[in-house]
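Going line by line, the protein sequences match chains G and C.
Residue numbering for the first sequence follows the numbering used here, beginning at 3 and increasing consecutively.
Residue numbering for the second sequence follows the numbering used here, beginning at 763 and increasing consecutively.
If you're looking for bench data, these hints aren't it; they were derived computationally from the structure.
Being a predicted model, the structure only gives us computed values, none of them experimental.
Glycine included, every Cβ here is placed at the ideal spot set by N, Cα and C.
Some clues are possibly wrong.
Said to hold, decoys possible - Quick list of the computed label-pair ranges, beta carbon to beta carbon:
id	chain 1	residue 1	chain 2	residue 2	range
1	G	Gly66	C	Arg853	48 to 56 angstroms
2	G	Arg218	C	Glu854	44 to 52 angstroms
3	C	Ser831	G	Arg58	44 to 52 angstroms
As the list claims (entries may be wrong) - Take a look, some chain C residues computed to stay more than 10 angstroms from chain G by CB distance:
id	residue
4	Thr844
5	Arg853
6	Thr856
7	Ala889
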Amino acid sequence: MSCHGPGEGDVATLGRTTEVALLGSPNTGKSSLFNRLTGLSAATGNYPGVTVTRSRGTARTSSGSVTVTDLPGTYSLEPASPDEDVVLDHLTGRQESETAPDALLVVMDSTTLYRSLALCAEALALGRPTAVVLTMVDELRARGGDLDVTGLSRALGVPVVETVAHRGRGLEDVRELLGEVASWPVALIAPPHDDAAQLSGWIRSVLDSARYRSPRSSVATSRIDAVLLHPVWGALVFLAVMFCFFQVIFTVAAPIQDAIQAVFDHWGEVAANTLGSGFLADFVGTALIGGVGGVLVFLPQILLLYLMISVLESVGYMSRAAFLMDRIMARSGLDGRAFVAMLSSTACAVPGIMATRTMPSSRDRIATIMSAPLMTCSARLPVYLLLISLLVPAEARLGPFSMQGAALFGMYLLGGLASLVVARVFKATLLRHGALPFYLEMPPYRLPTPRGILRAVWTPVWMFLRKVGTIILVVTAVLWVLINFPAREAETAHMDEAQAQSYVMENSFAGAAGKAVEPVFEPLGFDWRVDIGLIASFAAREVFVSTMGQVAAAEDPEDPGAALQQLTYTHGPHQGEPVFTPPTIVALMIFFAFAMQCVSTLATMRRETNSWKWPAIAVAYMFVLAYGAAWIGHEITAAVTR
Amino acid sequence: MTTPVVSLHPEVQADPDVVRWVLTGRTDSFTEVARSPGAALAALVRDGVLVGLAGGVGWIETTLAPGGSWRDAAATVRRAVTDHVAGTAPRELTEDDLRDLAETVLERDVAPLAGAHGGRIRIVRVAGHTVSVALDGACHGCPAARSTLQDRFQTTLRRHDPRAMVVETAGSAATAATADGVGAGAVSWLPFPRLRGRAGSRR
Numbered sequence: 003m004s005c006h007g008p009g010e011g012d013v014a015t016l017g018r019t020t021e022v023a024l025l026g027s028p029n030t031g032k033s034s035l036f037n038r039l040t041g042l043s044a045a046t047g048n049y050p051g052v053t054v055t056r057s058r059g060t061a062r063t064s065s066g067s068v069t070v071t072d073l074p075g076t077y078s079l080e081p082a083s084p085d086e087d088v089v090l091d092h093l094t095g096r097q098e099s100e101t102a103p104d105a106l107l108v109v110m111d112s113t114t115l116y117r118s119l120a121l122c123a124e125a126l127a128l129g130r131p132t133a134v135v136l137t138m139v140d141e142l143r144a145r146g147g148d149l150d151v152t153g154l155s156r157a158l159g160v161p162v163v164e165t166v167a168h169r170g171r172g173l174e175d176v177r178e179l180l181g182e183v184a185s186w187p188v189a190l191i192a193p194p195h196d197d198a199a200q201l202s203g204w205i206r207s208v209l210d211s212a213r214y215r216s217p218r219s220s221v222a223t224s225r226i227d228a229v230l231l232h233p234v235w236g237a238l239v240f241l242a243v244m245f246c247f248f249q250v251i252f253t254v255a256a257p258i259q260d261a262i263q264a265v266f267d268h269w270g271e272v273a274a275n276t277l278g279s280g281f282l283a284d285f286v287g288t289a290l291i292g293g294v295g296g297v298l299v300f301l302p303q304i305l306l307l308y309l310m311i312s313v314l315e316s317v318g319y320m321s322r323a324a325f326l327m328d329r330i331m332a333r334s335g336l337d338g339r340a341f342v343a344m345l346s347s348t349a350c351a352v353p354g355i356m357a358t359r360t361m362p363s364s365r366d367r368i369a370t371i372m373s374a375p376l377m378t379c380s381a382r383l384p385v386y387l388l389l390i391s392l393l394v395p396a397e398a399r400l401g402p403f404s405m406q407g408a409a410l411f412g413m414y415l416l417g418g419l420a421s422l423v424v425a426r427v428f429k430a431t432l433l434r435h436g437a438l439p440f441y442l443e444m445p446p447y448r449l450p451t452p453r454g455i456l457r458a459v460w461t462p463v464w465m466f467l468r469k470v471g472t473i474i475l476v477v478t479a480v481l482w483v484l485i486n487f488p489a490r491e492a493e494t495a496h497m498d499e500a501q502a503q504s505y506v507m508e509n510s511f512a513g514a515a516g517k518a519v520e521p522v523f524e525p526l527g528f529d530w531r532v533d534i535g536l537i538a539s540f541a542a543r544e545v546f547v548s549t550m551g552q553v554a555a556a557e558d559p560e561d562p563g564a565a566l567q568q569l570t571y572t573h574g575p576h577q578g579e580p581v582f583t584p585p586t587i588v589a590l591m592i593f594f595a596f597a598m599q600c601v602s603t604l605a606t607m608r609r610e611t612n613s614w615k616w617p618a619i620a621v622a623y624m625f626v627l628a629y630g631a632a633w634i635g636h637e638i639t640a641a642v643t644r
Numbered sequence: 763m764t765t766p767v768v769s770l771h772p773e774v775q776a777d778p779d780v781v782r783w784v785l786t787g788r789t790d791s792f793t794e795v796a797r798s799p800g801a802a803l804a805a806l807v808r809d810g811v812l813v814g815l816a817g818g819v820g821w822i823e824t825t826l827a828p829g830g831s832w833r834d835a836a837a838t839v840r841r842a843v844t845d846h847v848a849g850t851a852p853r854e855l856t857e858d859d860l861r862d863l864a865e866t867v868l869e870r871d872v873a874p875l876a877g878a879h880g881g882r883i884r885i886v887r888v889a890g891h892t893v894s895v896a897l898d899g900a901c902h903g904c905p906a907a908r909s910t911l912q913d914r915f916q917t918t919l920r921r922h923d924p925r926a927m928v929v930e931t932a933g934s935a936a937t938a939a940t941a942d943g944v945g946a947g948a949v950s951w952l953p954f955p956r957l958r959g960r961a962g963s964r965r
């Protein structure tokens, strides 16, 4: 396809598809539009900073394919933040290994057109072929606003198409528009984007020509906000929402989890019957089914976690939560932008750390990067679920609520508070700096679309499955080898099976490693088998669950669940006493809450801070914090339960 | 130096050397711009950057000298236009101004709407603040279309002249101010190349 646009900015290249960049502010429905155009999945959300990486895809049009790049949402092309740097670099072709896009498709939310036009002015000033897509036009009209697309197109000097990005209406018009990319005009006269007074004159003039009538703030939205953003009621609602959130994770997921467990149990029997005994049977039974399967049973909880996050997000509640948190965050010296990063970290610290790219102050950014890994990520979830089920009986209730759910809520609260305190400490010491203005968008409440929710849930669930199938599987297999070798056939010849298993494990490579570090963790109540799990969990936290599964299966292949509960110290002053006592479990949970046990997070920290200094500081402070807090937790629980 | 705040934006015309600066903040006429341009605009004409100035109700057109580039000149021209507008006291619209305005509004805002429904609307005469129009084609005799078109026309005119009235007269009047055929044609996303009506344009 050849391009012969009218302007000098046009790049005519044969033999490659036209490159179009999608440019727009956060929350404009840009990523939704991108997903619909390209059929690829990119995360979309209601709060700023979701689209931190840009995605590429191919959109089919009547006149051939067009490559579309979804740039990070940005309010301005003035490089005020690293995020906006990326956008500008991409647009001007300064980004390495990429050529500048042939044309720009500017996505503007018609309900907040004034601000969108400021970005549009900068885009037009780049002198590239440009077109505009207006989103949320249905909402604008529903809320009493209006605009004349023809007038807007005339005033801007570029084609304008209106859409309802969320529901896919107007999409055909956008495809048609993309098909005509070769004839998109270049703005002959750059809008006065570098002079605030002239720019506002230009924007008002354009809006006037488009007969723009801004939408009333919806009555429903402002009534709901009056409650949800209220300092007292809002905070109470927030806590209640979060509390129910964790109740749901326990109560709803439990039956599904039982069903998955039953499937694995069945496979275990099948495997035992067909493979008999020997190394292969043991590998399948303990490593695959007991270990990897033990992690996989937490899939329902992970799914629910993401389902609820994405519902809260697409309904528009998350921005309100960020607004409420802004006041609390202010005490930590950070702002609501940091909350967005912290919130993302409840899924995984890696996107959380990447979300800090929207923060213009590098000091705030580093403070957030350093504290975000303390938020309870989904990898900690299986560990907490396992440990809580050992600590709190399933029947225990707190009024009408499940005690287990309350305990989980407590763990999330602990992670959140810890990250606030740590951020505060960093801001007060290493990273002292004044605050920058923060503006947060309050999107109107919207009904989530099933499609959007499905996409938001599927991506992390698939990533979890992939993680289970790759790193967790590999580490579990390696551990199985380390736990079962050397085989010690001579020594175990006269023992019964269970005794032999225990003996092999105790004298295995892994056993040696566990025992080597045992003195370090002895004050926390961990024995050498827990230490094996702890060491292994540095590869991925979930591996702790699969390792404990293997250990338990080795102790008592008949009933691994009970075996874990009945695990006793094999030597030392507590010999014969159970390992998983409340003090040990509490210490373990606290250790997992605070320790830096994630290689991906360290790698991301290194990349985002561009130095090894910060990852090193994080590992050190988090280990000290984890160890210290776990010891305190151990002692307090011991004193209370004695 | 601070530039006075004037709401304006450029619209490119069919001839790329001609740019119409739309002054949405001002409802008065700038027909006198060619005769008595502001100092900065006059300087641009003297220096040969601009070769033409024209004005109408709520707009000023500038014509670039052949071989010139808007990329280089736009910022200066914008400032000069801004200065001129800020330095001109608003004045009441004359009958001629209203006629110019009515033609522009008809062509830009009303005719496409009529055309989309297979009808035509044309200006018969302008007297005082009253614009008389005739409806032809599908619009003729259609009460809904009539009120829609008349309303739209009048609302738009009143942004410049609050006393403007649009009334319908018999379609046979001979004093039609606008050429036929303005109303036909589909609305396209790219309307500007079709905008040829630069009433009062002196090139």
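Now for the hints, and whether the structure bears them out:
1. For glycine 66/G and arginine 853/C, the Cβ-Cβ distance of about 54 angstroms falls inside the hinted range of 48 to 56 angstroms, so the restraint holds.
2. Between arginine 218/G and glutamate 854/C the CB atoms are about 35 angstroms apart, so this pair departs from the stated range of 44 to 52 angstroms.
3. In this structure the supplied range 44 to 52 angstroms is violated for serine 831/C paired with arginine 58/G, their Cβ-Cβ distance being about 34 angstroms.
4. The beta carbon of threonine 844/C is not kept farther than 10 angstroms from every beta carbon of chain G, the shortest such distance being approximately 8 angstroms.
5. With a closest Cβ-Cβ approach of about 20 angstroms to chain G, arginine 853/C is found to remain outside the 10 angstroms limit, as its non-interface label requires.
6. Chain G leaves threonine 856/C outside its interface by the beta-carbon criterion, the shortest separation being 23 angstroms against a cut-off of 10 angstroms.
7. A cut-off of 10 angstroms between C-beta atoms confirms that alanine 889/C is not in contact with chain G; the least separation is 27 angstroms.
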